[in-house]
Structure formats: C-alpha cells, structure tokens
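As they're listed, the protein sequences go chains A and B. Using this note's numbering, read the first sequence as starting at 1 and increasing by one per residue. Using this note's numbering, read the second sequence as starting at 1 and increasing by one per residue.
Treat the hints as calculated values from the structure; they're not laboratory data. Some clues are possibly wrong.
[Stated by the list, open to error] Have a look at the derived ranges for each label pair, beta carbon to beta carbon:
(1) B:Asp201 with A:Asp42: 38 to 48 Å
(2) A:Asp58 with B:Gly185: 57 to 67 Å
(3) B:Lys80 with A:Thr31: 25 to 35 Å
(4) A:Arg193 with B:Arg227: 54 to 64 Å
(5) A:Ala124 with B:Asp201: 34 to 44 Å
(6) A:Trp242 with B:Arg114: 38 to 48 Å
(7) B:Lys289 with A:Arg24: 27 to 37 Å
(8) A:Gly150 with B:Thr204: 37 to 47 Å
[Claimed, not checked] Within a straight-line C-alpha distance of at most 27 Å, the following computed DSS-like cross-link-like pairs (lysine-lysine) qualify:
(9) A:Lys226 with B:Lys299
(10) A:Lys226 with A:Lys65
(11) B:Lys91 with B:Lys80
(12) B:Lys80 with A:Lys226
(13) A:Lys69 with A:Lys120
Every residue, glycine too, gets a C-beta built ideally from N, C-alpha and C.
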Amino acid sequence: MRQVNYTILENAPLTASVYRMALRGDTSPITAPGQFVNLRLDGLYLRRPISVCDVDGDMLTLIYKVVGKGTEQLSRMQPGEALDALSGLGNGYDLACAGDRPVLIGGGVGVPPLYYLAKKLIEAGRAVAVCLGFNTRDELFYENEFRALGCDARVATVDGSYGTKGFVTAILPDAPTHYFACGPEPMLKAVFRALDCPGQLSFEARMGCGFGACMGCTCETLTGYKRICKDGPVMRKEELLWNAQG
Amino acid sequence: MERTRVNLLGIELDNPVIPASGTFGYGREFAGLYDIDILGTFSFKGTTLHPRLGNPLPRIAEAPSGMLNAVGLQNPGVDKVISEELPNLSKIFHKPVMANVSGFSIEEYAETCRRLDACAQVGWLEVNISCPNVHHGGMSFGTDPVQAAAVTKAVKAVTSKPIIMKLSPNVTDIVSIAKACADAGADGVSLINTLMGMRIDLRTRRPVIANVTGGLSGPAVFPVALRMVYQVARAVSVPVVGMGGVSSAEDVLEMMMAGATAVEVGAANLVDPFACKRIIEDLPGIMDKYGIETLDSLKTGGSTAG
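Chain A with its partners taken away, still in its complex shape:
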C-alpha cells in the first residue's frame, strides 16, 4: 500500500450511472487484479474504496457506479484534477490456480475488476470465459472490451432485454477449471451453489480505513476472522461460512 496522487485524464459515463475514470500516476503498488484504491474526496471524511479495472504502465482505470454522495462527487471531477489515493489495497485474485479454462463471473458494478484479471489470464495463455450479468440492456458495459481481449464473453440480463434472460448462472460454461466472481452477495451465493469447481469470490463492505487497522469490515470465515479490506476482498470458496450452511 502506498499513498499516491493521481491525475485525472478522463472521467466519463459508460451508462446512466456508471462512470469510467482514467488516471495517471504510480501504479506500482497495485500487484494483483482484484485489488482496490481508497480515494480521498473533498469535504468527505472517509475515503471511498473503488476496485481497479485496469492497469497499463502509469495508467490506472477505475469504473464506478454513482450510488451516494462520494461517488456522485467523484463523477463531477474533471480531467487535470488530482486525486489522493491509498493505492494497491487488498489481496487481489490468485491467478496461479486458474487452470486452463477459468470462468470470470461479474454482476453489475462487480464487472470492472474482472477486466484486469481477464487481461492477465489471457496473457498467461488461458482460455477465458466471461459471464456478465446486468439488470437490463441500458446498464450493460464492457462486453466488447472483454471480447477484444480474446475472451468468450456472455451476457445475461434479468429482464431479457439483451443476451440471455436471467441471472449469470444461466450462462455459465460447462466444466470450468476455476471461477473468479465479483458482484452483489446474492449473485456470489448463487454462483457458489451453481459451480462445483474451486473458486475465488470478491466481497464488498463499508470500510473505515481500507488497510486493516480499524476492524470495520471483519467477517467470519471457516479459517477465522477476516478483514475484507486487508485479508480480502477476495476470499477462497473453501473458506466461506456458506460451506457449513449446507
């Protein structure tokens, strides 16, 4: 973890409520896909954690959804402005156990961290399937970007306005070697129940510090108490309490 002052290069909407922000600055603290940055915003006390969507040299891409005061303020920031971030937070995904045919499963604003992950897996020569779930066609983003990387990208919408009607569990490939998931907890739980292969799931929480000091986001796992910000946000399927709940 390091404190970095990034410069905003671009901050534009992808959908009605989802924005993409491109930043320039030191990206070396970011060592794995699935990590996040914690952003300081004027007039707000707590930093706002946002997952890393992509890293390319000294370029950092974030994709975030406007859900409250902090992200609303973030969406109004202009190119050229500086952004104070604690960078390279969290454990990130472990790519070593992906196997030959991993599947990446994202729901809504859980999709962004899977992009950098897909890029790394493709670089490593894996055949990557990506299952993207959205509520409706208007909320869709990054389908083409995943395809451009060389992924087998599939889309499901809850209302059937685009792709397969239903949840991401309706479009899962046969017999993946490993899964990487990020999205709302009901989606994670559905994926956990639907797939037998090993997997890694990324969780979110309201955080205090984002680097493991305040114990504000601790959850219980089969392997002890874990801070979502520091020991996560990525948890292994095997350690989730869901295993014990039958």
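Dock chain B against chain A, hints included.
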C-alpha cells in the same frame, strides 16, 4: 526531540503523540508504512479476557467531519495478545506500549489487567469504561461514578503499572466520573471516547450501522473533547490524556493548553495512515510559530488557568 518530550506517569515520551486504541491495531499495519518508534507510544486495540468477533456489518458510517463506528471490541483475547501480538510488536516497536483493556464485569477487567501486568512491554494500562458499542458492559461502567470507582479499585489491586481510566463523553457530568476514578486511585484519566450517534439510510429507511448506534469520532468532536479535557484537567490532580478529533500539530497544542499531558490521535489514522508521523514532524515548526519553547512549559506555565 528534547523540546517535545513529556512525562506520562513516570515514563518519558519523546513526544506527546499517541495513536488511540482501535485505530492502530497492534501496530503491524502501520509498521509497514513508517518507523513507529517515532511515536510517543501507542494504545493497542481494546483487549478483553476472551476473543471477540465484534458487531455485525456494517460497522462504519460517514458523518459530517467524522465517522461513526460500531466495531464492538473485536480482538483476539488477552492470552493471544500476550502470546502472539506482543512478541510480534517487540520486533517493530521498542518503547513501552499502552495496553487498552475492556470488560463486561469488574472481575473480567481485573483478570485481563492482571495478565497484562506481567508483560514488561506494557507501560500503562488504559482501562476503557466507555465503549458505546457493546451491550451490558463497556460504557455502563463509565456512566456511573460508583461503578467507575469500583472498576478502578479492582484493577489497581492487581497491577503495579499506572492505570489510566478512559472516560465516556456520553454522560451528564464527566467531571464527576473523572473525580470518582481519581479518588479510587486512578493514576490518570484519558478522554474522550466516541460520542454516541446514528445515521439512517434514506433509501432503506433503516440505520446505516447494523448495531443501530455507533460512536462518533473525527474533527467533528474536537471542540467537545477539548472542553471536557479542560474541565477535567482543572478538577482532578492526576494527569489527563486528551483525545477526540485531533488531526494536526495545532490540535495537539490546543489539547495541551487545555491541560492534557499527552494526546491521543484516533480517527485521523484511518483516513491518513501517516497522520501521526505528519503531526510529530510538524510539531517543532508549529511550536516555533506560537513561541512555545518546550511542551513541558505548557504544563507548568499555567497558561490555561482562569
């Protein structure tokens, strides 16, 4: 360093800056960021006799100029602190540490303190009778002078280390609680713990924090904390450790002018992990600006009387 030195209950501190309990863990996260030996000391995560997971999530909420937390004393329990955290700490921190203790009964407070009394690394015991986030314990001992005195007596009986009672601002008259602790033998008092508050999510129409209420900290509480430190420092003869929203070297000086012997820094560590380092580095320059030769002179100079 000579200029910023203070004496807290017989132990010399290089400076009065002390990360507050619950914002600094057992030191590990921060030792990776800067040399934590620059600190006066730090107060480690509130420790109880038995391990605690704490409260359900969410435990954190934004507040104007501050934050709410309802962590609920998550900690690994005193035995694990002694067998794992303190040995680990000895590699990264080479000064006496302040052990923060909480409990759910007078016997539990005493037993936890008795076990920590045996640890050479522990310089002071800060006894938290003011946690607003646990039920049937914590703050209930700090809102009644009789109970506060009873805890003080019980912990004094089991340790030779200085006892600092950490007080709650969620009372009608904090001075009476401070006096009760001092009269019962407390070597010092520290204040303030967080102020009880809450937030409601307009969309769900429910409290943001699962525990419903949480403790407010951050710059929002600084004037309240300063006022209470001022009142208590004038009413008791034992040293007062001031805290509550301290975020800068200027805030440290204000706290000391109000009568604090040393100053704890809490929430600031969470939003700026380098906050204490920055404050310590800023102190001499800010002292120059206000014509303060030594911090000791603030204490003995009586500049706050009247």
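Just to be sure I understand the hint, the distance between the Cβ atoms of Asp201 (chain B) and Asp42 (chain A) should be within 38 to 48 Å; is that true here? Distance hint for Asp201 (chain B), Asp42 (chain A) is violated at roughly 23 Å.
Okay, Ala124 (chain A) versus Asp201 (chain B) on CB: inside 34 to 44 Å? Because 42 Å falls inside the window, the suggested range holds.
Should the hint that Trp242 (chain A) and Arg114 (chain B) are 38 to 48 Å apart at their CB atoms be regarded as holding? Holds - the Cβ-Cβ distance for Trp242 (chain A) and Arg114 (chain B), about 40 Å, lies within 38 to 48 Å.
Just to be sure I understand the hint, the distance between the Cβ atoms of Arg193 (chain A) and Arg227 (chain B) should be within 54 to 64 Å; is that true here? Because 55 Å falls inside the window, the suggested range holds.
Given a hint of 37 to 47 Å, does the C-beta separation of Gly150 (chain A) and Thr204 (chain B) actually sit inside it? Taking Cβ atoms as reference, Gly150 (chain A) and Thr204 (chain B) lie about 41 Å apart, which means the hint holds.
Assess, step by step, whether the Cα of Lys69 (chain A) is no farther than 27 Å from the Cα of Lys120 (chain A), and give holds or violated. violated, 33 Å
Hinted pair Lys226 (chain A) and Lys65 (chain A), Cα distance within 27 Å: Holds, at about 26 Å.
Take the C-alpha atoms of Lys226 (chain A) and Lys299 (chain B), compute the straight-line distance between them, and say whether it is at most 27 Å. Violated, at about 43 Å.
Is 27 to 37 Å right for how far apart the beta carbons of Lys289 (chain B) and Arg24 (chain A) are? holds, 36 Å
Given the hint that Lys91 (chain B) pairs with Lys80 (chain B), test it: the Cα-Cα distance must not exceed 27 Å. Answer holds: Lys91 (chain B) to Lys80 (chain B) is near 17 Å, not above 27 Å.
Verdict for Lys80 (chain B), Thr31 (chain A) (Cβ pair) under range 25 to 35 Å: holds, 29 Å
Is 57 to 67 Å a correct range for the gap between the Cβ atoms of Asp58 (chain A) and Gly185 (chain B)? Cβ of Asp58 (chain A) to Cβ of Gly185 (chain B): about 60 Å, so the range 57 to 67 Å holds.
Checked against the numbered hints listed earlier, the structure breaks hints 1, 9 and 13; every other hint is satisfied.
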